[in-house]
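Chains as they are written, first to last, in the UniProt record's numbering: chain G, 1 to 97; chain L, 1 to 91.
In case anyone wonders, no lab produced these hints; they're calculated from the structure.
Watch out, some of these pointers could steer you wrong.
[What the hints assert, rightly or not] Under 7 Å between C-beta atoms, here's a sample of chain G residues computed to sit facing chain L:
no., residue
1, Val39
2, Met41
3, Asn42
4, Met43
5, Leu44
6, Glu48
7, Ser50
8, Lys62
9, Arg63
10, Gln67
11, His71
12, Tyr89
Beta carbons are placed, not taken as given, at the ideal position from N, Cα and C, and that holds for glycine.
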Amino acid sequence: MTFTGTEVPEQTGYLIINEDGGVVSSGGDLENDEHAASVIMNMLNLIEKSTMSPTENKEPFKRLSIQYDDHLYIVMVSNKKIHVVKRNYVPAEPVEA
Amino acid sequence: MEKPLDRCLDEVFNTPGVTGVLCADAQGLCLSSKGTAHPRAAGVITSLMKQAAQLEPTADNLPVLRLESESCNILIQGKSEITLAVYKTPE
């Protein structure tokens with residue numbers, strides 16, 4: 001099955017990167033965005049080698065979000081591939097009592 | 001000299017759900033850390049923020065990073081020379 005990048009609400013672009021940092025598939029705002037792929041790979045390499053986990057906790061991270069004022073990138077690793085989705089960020093309206 | 005910073009971090013640390021706080025300078029040196037945040041993470045946290053800033057170099061503000069695992073979320077924000085990481089239990 002091919003990921004067409006239409007499954008995520010408010011999505012504006014997507015990237016699928018292989019283990020070596022090569023772009024396997026891309027679309028929308030992130031179409032052929034080698035720069036974003038390289039920055040995200042560098043970040044994941046840093047996280048992988050890091051000592052950031054809390055002292056008593058060595059479990060792996062399952063998701064990275066990079067959030068700007070009006071959009072965000074969500075990064076997950078699955079089946080040895082890195083999936084990146086760029087989507088609009090619409091903050092929930094505060095509920096008035 | 002670092003008392004105001006420590007007071008500020010204490011305030012964040014005492015927020016419900018927060019398990020650790022770390023503040024690092026632009027060189028990745030730990031200025032202060034509390035709870036589950038280990039001072040040795042300061043370098044990686046600063047490097048991560050510097051990498052993230054390159055994702056959209058023209059953006060007005062630096063992004064907020066959120067790293068999620070089963071039992072812990074780490075929120076990272078950079079502002080000028082300082083990077084702050086907040087360790088939280090997932091909601």
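Item to check | Interface hint status, G/His71 versus chain L (Cβ within 7 Å) | outcome: Constraint on G/His71 not satisfied, violated at 9 Å.
Checklist entry - Does the interface hint hold: is G/Val39 within less than 7 Å of chain L, judged Cβ to Cβ? => result holds (5 Å)
Next on the checklist: For the restraint on G/Met43, tell me whether the closest CB of chain L is nearer than 7 Å.
Outcome noted: For G/Met43, the interface hint holds, since the closest Cβ of chain L sits about 5 Å away, which is under 7 Å.
Item to check | Interface hint status, G/Ser50 versus chain L (Cβ within 7 Å) | outcome: Since chain L brings a Cβ to about 4 Å from G/Ser50, closer than 7 Å, the hint holds.
Checklist entry - Going by Cβ atoms only, is G/Glu48 closer than 7 Å to chain L? => result Because about 10 Å separates G/Glu48 from the closest Cβ in chain L, which is outside the 7 Å limit, the hint is violated.
Checklist entry - For the hint on G/Arg63, does the least C-beta distance to chain L fall short of 7 Å? => result holds (4 Å)
Checklist entry - Hint check: is the beta carbon of G/Leu44 less than 7 Å from a beta carbon of chain L? => result This interface hint is violated because 10 Å lies over the 7 Å limit.
Checklist entry - Quick one, is the G/Lys62 hint okay against chain L at 7 Å, beta carbons? => result OK, holds: G/Lys62 within 7 Å of chain L, min 6 Å.
Checklist entry - Does G/Gln67 pass the interface check with chain L, least Cβ-Cβ distance below 7 Å? => result holds (5 Å)
Checklist entry - Given G/Met41 was flagged as interface, is its beta-carbon under 7 Å from a beta-carbon of chain L? => result violated (10 Å)
Next on the checklist: Hint validation: G/Asn42 versus chain L, beta carbon distance must be below 7 Å. Holds or violated?
Outcome noted: Check passed: Cβ of G/Asn42 comes within 5 Å of chain L, closer than 7 Å.
Checklist entry - Do the numbers back the hint for G/Tyr89, that is, is its least Cβ distance to chain L under 7 Å? => result Violated: closest Cβ of chain L sits about 10 Å from G/Tyr89, beyond 7 Å.
Going through the hint list in order, the structure does not satisfy hints 2, 5, 6, 11, 12.
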